[in-house]
Structure formats: structure tokens, C-alpha cells
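Colleague: Got two chains here, each in a separate frame; can you build the complex from them with the hints?
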Amino acid sequence: MNKQLITLSTIFILCITACQKKDSTAFNPDNLKVSIESPLATQTYKKGDTVFIKAAASYTTEMHGYEISITGKDSTEIWGMDEHVHGSSFSIDTFWVDDQSEAQTLNLALTVEADHDGHQKTENRTFSIQ
Amino acid sequence: MRRITLGLLLTSVLSAGAPDSIACDVCGCSANIQSLGLLPQFSNNFVGLQYLTYHSVSNHPALFEGKPDEHTEQQFRSLQLWGRIRLSQRFQLLAFVPYLHNTNQDTSASITKSGIGDVTLMVNYSVPLKRPSKGERLLLAGLGIKAPTGHYDSLANTGTGLPNVQTGTGSWDMNGNLSYTRRFSRWGYNAEGSFSMTTPNRSRYKFGNKTALALNAFYWKKSGAFTFVPQCGLRVEHALHDYDNYDKKWLNEQTGGVLSFVTAGAQVMLKQAGLRAMAYIPAYQHYATGYVHTRTRWECSVFFLF
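So the sequences go chain by chain: A and B.
First residue of the first sequence? That's 0 in numbering that gives the first Met the number 0, and the numbers climb one at a time after it.
First residue of the second sequence? That's 0 in numbering that gives the first Met the number 0, and the numbers climb one at a time after it.
Read the hints as simulated data drawn from the structure, not as lab findings.
Please read all numbers here as calculations on a predicted model, not as lab measurements.
Incorrect hints may appear among the rest.
Listed next, the stretches of chain A that the computed footprint assigns to chain B, with coverage defined by at least 3 CB atoms under 8 Å from CB atoms of chain B [as the list claims (entries may be wrong)]:
hint, stretch
1, 2 to 15
2, 35 to 43
3, 46 to 60
4, 96 to 107
5, 110 to 124
Covered stretches of chain B, going by a simulated chain A footprint (3 or more residues, C-beta under 8 Å) [said to hold, decoys possible]:
hint, stretch
6, 96 to 102
7, 184 to 196
We treat Cβ as the ideally placed atom computed from N, Cα and C, and that holds for glycine.
If we strip away everything but chain B, and leave its shape as in the complex, we get (with noise of 0.2 Å):
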């Protein structure tokens, strides 16, 4: 009864998603660690599509004097295969496989990387907590492991290449996410948190670990068929400086910085399948030493229950 229960209980988990960018010093919106949202019926196995893009926008200061600025626009797109299943009642494995198209265009030219990104693989451990008097409560803490399957050209960190439009980082690295996701009737909120523990790839360039924190109120609707659940939020991303050589502690600090995002969305679930959308948009941001602006993130996805 109790899981019957919990199925009904959004969850919410994160992982760490696509890769990041721009050419020369000033690097893109490798703070990205990409949401998954909340997700229906702990319970259930479900398998998707997620489609997320977004645009960045920097303005590099010319290396040399008189020189004028290098202006660069990025499109980050990605089409995710992702899917859960239910290892245990208090275990789930979770699986995505991106695909990546991304686009680099400055004053000059315009490139273009696109393939199948870094594979992530996810285990969720629901934390058994006391059944409060009145609503739902869960408790998720996940780790996983993002493993280089994308394609990083070993030129990239050369500073003629371009690493945050890699369809890959090249490297292994390590996500978790902790997720506390409360409902009383109708309403709920979750709160969640995860990172990513990046390592240096073969051609020793590391990007910045990165850290979330995510706050979402939602509002839970069922009509008919239909299930309804709009939910809006806020969303703060860091991302630590990367390395251009992580053995010779060659720090990039025109990488990294702070995202923060006003979120808003909704999800419809009909019977056993389900569709989301959501929008990102940017509040506050401060991002390689303010010379990258993103802009609004737009997510759409579909899932089956099974």
C-alpha cells in the first residue's frame, strides 16, 4: 500500500547532462548540469525522450589592445534517451544517452559538433523515512557515473579547439543528487541538490565540477484521464573553473561561474504516458567572469510508464 502510495509521489532527480563550450579563454555554459525534473510514480519503470536547447551569448575582450571584442553565440541542443527501472522497492537504475548538436559561430566561422554524448548511468536509493500524519514524503540519494562515450578531439584544449562544443568531456566522471520531495494534498514542493565530480580527460583539460540546487513547488491536478501538474521554481547552478592542464594546475579562470534560473512548467500525464515542458530563465548569472550570458533553456520531454 504504502508504494502504491509513494507511486503517486513525484520524485525528482538530477543528473549531470550535456557537455560544455567556447573557443579561447572565455568558456560557455558549462555549468549546465541538466535537470531531469520531477518525475511520476517512484514505483513504475518508465522509458523517454528529452529534448533540451539553449543559447549563449559571450563577448570576449581582444586579447591584444585595439583589437575589437570577439563575439561568440553558442546552440547547446540535445536529444536524451532516458528511462528508469526498478531494481528493488527502495533501488532504481537510471540510463541516459544523448544525442548532442552543437553549434559554435563567431565572427569568423561557424562549427559544428554533433553525435552521441557522454552516457550516464544512475542508481537512486530511496531513504526510508517515517510516513508523516498527513501528505507524502521521499527521500532519494543517487550516484552515478557519466562515462566518455562522446567524442572529445584532443585539440580542443589547444585553445584552437573549442571543449564546451565537444559532444563529449572525455572524461569520467561522477554525478549524485540528493532529493527531498514533500506533498500534503494537492500541493508540494520538493528541494534537491546534486553535483557532478568531473576528473581530467586524456588530454589532461578538466572541466569544473559543478554543484545544484533546485527548489520546485508544484500543484498536483487530476482531471478525468488526465493528470495535471504545473510547478515553478528557482534553480542555482555553480561550476568551478576548468583546467586547461590538470597535472600542470593550468586554471582557466575565465571558466566557471554562477547560473540562476526562475523555472516554470508543467507536466500532463495521461494513463501511462506522460509529457513535460519546461522553461529555465535566467536570473541572476555571473559566468566566466560575466563575459557569457545564457539564455532562456527550454525543455520538452515525453515518457511511458511501464
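In isolation and in its complexed conformation, chain A is listed as follows (with noise of 0.2 Å):
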């Protein structure tokens, strides 16, 4: 009775401990799609104006998280954000205030990650600054 439970039990402890299914979609860059919707490629803004952000990200399966950077003159970074998001899709809805003084032209860059794996896909969308 007792070797018997004992028997049982250990099935059983190591039925609930067993292997993992796992989804294993082999990455594929065409099914993420990242869409940037604002600001538009044609608009300028000025110093104190709010750029607001707008974006959006879907894949086949889980996605893990985007990161936003805005870049300037030498691909110096003027702003950026970054942040863990989990599923299979997803949008963006933020701001930068334009600080800058300078005129020029902006790169705004959204880079969505896949996987854990380093997987992941750049949208880029340039717009301008007096």
C-alpha cells in the first residue's frame, strides 16, 4: 500500500515536472508587421510643439517588446523609450516635446523585438524641425 503510494506519487510528481510544449514558429520578418502613423514624413515642427507618436505592431505569434528612438545630426540620440510588451500585437500612443534648437531633420526609428533570440524589425519614418 505504502510502496504503492509512494510509487504513484513520484508518476505523478514527475508527469507535472515533464517537458513543456512550447510554441516554436520559426521567425519570419514578412508576418511582423510595425506601422508608424505619426508623425508623417511630411510634417514640421516647431520648438515647444508635441510630436505625438503613433504606432502600431503585429506578428503570428508573441512579440516581446519595441523600442522608439529619435535621432538627430551624427545619429546622436535626442530621445528615446523602450519598453516589454507581450503579444501578438500592439500599439503605441506617446509623445516627445521638440526641445531642440537647431533646425534639421529628425529619424525617428521604431524597432519591434520578435523573440529573445535578437529577432526583430526597424520601421523608420524621417519628419522635420525648425
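Modeller: See below:
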């Protein structure tokens, strides 16, 4: 009786600690959709203006996060943020206030991290500040 | 007579306890299966309060190159009302009602969640054993259920939330334990194994199944009206990975792992009242791919037999 109980318990424990099923979808960059709705490429901002950043990303399986970076001359980062987001789709709604005193063309790069193996996709948008 | 003698034998049970933790992918110490340790007098009912606290530190590698690692500290505190009622000569009913106060502190913000946690009910069965020629022994097999009475934020598993610091897991889970206690004259030992089998919650997040093994040696000494039971041992806990979405099999491989502890503590009994303090000192640990490190757990409890 006791041996049976211990044997059954051992088998049960082995069952609940067994290998776990995992979504093993191979990374396909074509399925990772990243779009930037705002700012528009034609837009020009003045110092003190708020640049609304609206974007979306979707994928066939789980994504892990995103990074936004605004760079100016010499690819110097003026502003940036990153966030962990888990899901197969998400939208981004944030803003940056133009604090630059020099007129230039800026690049907004949105990079979405598909997994922890370094698979990612970047969408760029240039806009101007006066 | 046998019942009375068994009453002197220390028994032990385990139950799944506090929920788990942190933002992003690297998740805190969900391997925690709260230990009840050695309890006195199998044949008596009791009610008590148990306080458990521990601290974990994680260093999450930045998701993007060139960014600094994310440093997070979490503090878990649980004050638990618990008790045992003897249903028959062989069956006991145990209940656990925790109140949790969990804090997550990272470089930019501090988040605190507090409230009633998940309530657990467990039935223990005393397996009939041949009486040894010397001393006593007891084998208990327990099975229980944990109800989602604590709060689980539905956004917790989107990456912006913190699954582990919620006061509840949001899921119905099954717990079980097998505990064997052998006492000679004053010395004895207890070996126990326990598990928590989880189910996905409404948000489809599934905390990993957990198992724990413990071996404790104790010494029983009566001095006047007091009974002292110092004890020490080893404890190993294992947690499988969590699923961010169980239906889609989104396995979060930066959760789960192994924690092992050296345990030490003592229990003091005076008539119908008891006091126990335990420390769980981390030994080997490899949790959340090695990014999370737990510190010493402290447990203190009082109980009253009736």
C-alpha cells in the first residue's frame, strides 16, 4: 500500500514536471508588421511642439517589446524609450516635445523585438523640426 | 492510546502558497511553495497566524543593445490565517487564508499590491502504518485546492503588468503533499514532497507547476511546561516555466527554475500555545535563467491547539 502510494506519487510528480509544450514558430520577418501612423514624413515641428507618436505592431506569435529612438545629426539620440510588451499585437501612443533649438531632419526609428534571440524589425520615419 | 502517542509525533505538511512575481520576462520567485514545516500533535485541531517574508533581486538584461540592464527588487510579505480541523481519526482538513503585501521596485517606479490572497483548502490522510518497534512514525498524504480569491490584474501578463506581485494567480490550482515523519526517542526526521499543479487563469496566463522536496531533522526536548523542538534541514524547490498565453503555448523561458535552501529554526510549545520561527537560507539557485536571486526567507508563526 505504502510502496504503491510512493510509486504513484513519484510518477505523478514526474508527469507534472515533464517537458512543456512550446510555440516553436520560426521567425519570419514578413509576418512581423510594423507601421508608424504619426508623425507623418511631411510634418514640420517648431520648438515646443508636441510630436505625437502613434504606431502599431502585429505578428503571428508573441512579441516581446519595442524601442523608439529619435536621432538627429550624426545619428545622435535625442530621445528614446523602450518597453516590454507581450502579445501578438500592440499599439503605441506616446509623445515627445521638441526641445531642439536647431532646424534639422530627425529620424524616428521603431524597433520591435519578436523574441529573445535577437529577431527584430525596424520601421523608420523622418520628419523635420525648425 | 495509539492516537495519543501519535499526538506527540510531529507532523508536517506543505501547501502551495504565495503568488509569484515580476514585470517583463524575468519573473521573480514563483518557485515559492510555502512550507508549514513541523506541526505539533496530529490529533489536535489548531488555529494560527503565520508571517512569511522574503526578498528577491533580478537583473534583467536589456531588451535592446546599448541599454542598461533592468534592476528590480521585490519584497513579498504574507500574513496568513491557517488552521487544522480533525475530521476523523485519519482525516484532517487544513485551511489557509493569506493576506499579501507585495512590492516591486525598479529603476523608475515602485508598485505595491496588497489584499487577500488565494485561499487554499487541503485534506490530509494519515496512511495506516505498522507500528515500529521503537519510536513512532507517521505518513500523511494530502490533496488540496487553491481558489482564485486574490486579485489578478488582467493586464498583468501583457508585459506592462507584474504577474508575480499580484495578490492572486487568478487560477484554480491543485496542491498535494506526502510527508513521512519518523521519531525515535528524542531525535527524528521528516521527509516531505509537495506539488502545485496550476491551471491557466482568465487571461490565459499559467504559472508553472511547482514541486518541493524537504528533509528535516529535529530534536524534541521537554523542560518543565515547555517543549522545545529545534530543527534543521534542506529544501529544494522547482518551478516550471510560466506561459504568457497557455492556449497559444507562449512559453516564457525566463521564468521558473530551481531554488534550494538550508533551513533552520525552532518551535516552542507551552500548554496549548506554540511559537515557531524558521529561516530558509538560499544555497544553490538557478532561477529565471539565473537572472533572479532570492534572499533568505523568514517565517514566524503562532498557533493554538484546541
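Colleague: Against the structure, test the hints numbered earlier, and report the numbers of the ones violated in rising order.
Modeller: The structure breaks hints 2, 3, 4, 6; every other hint is satisfied.
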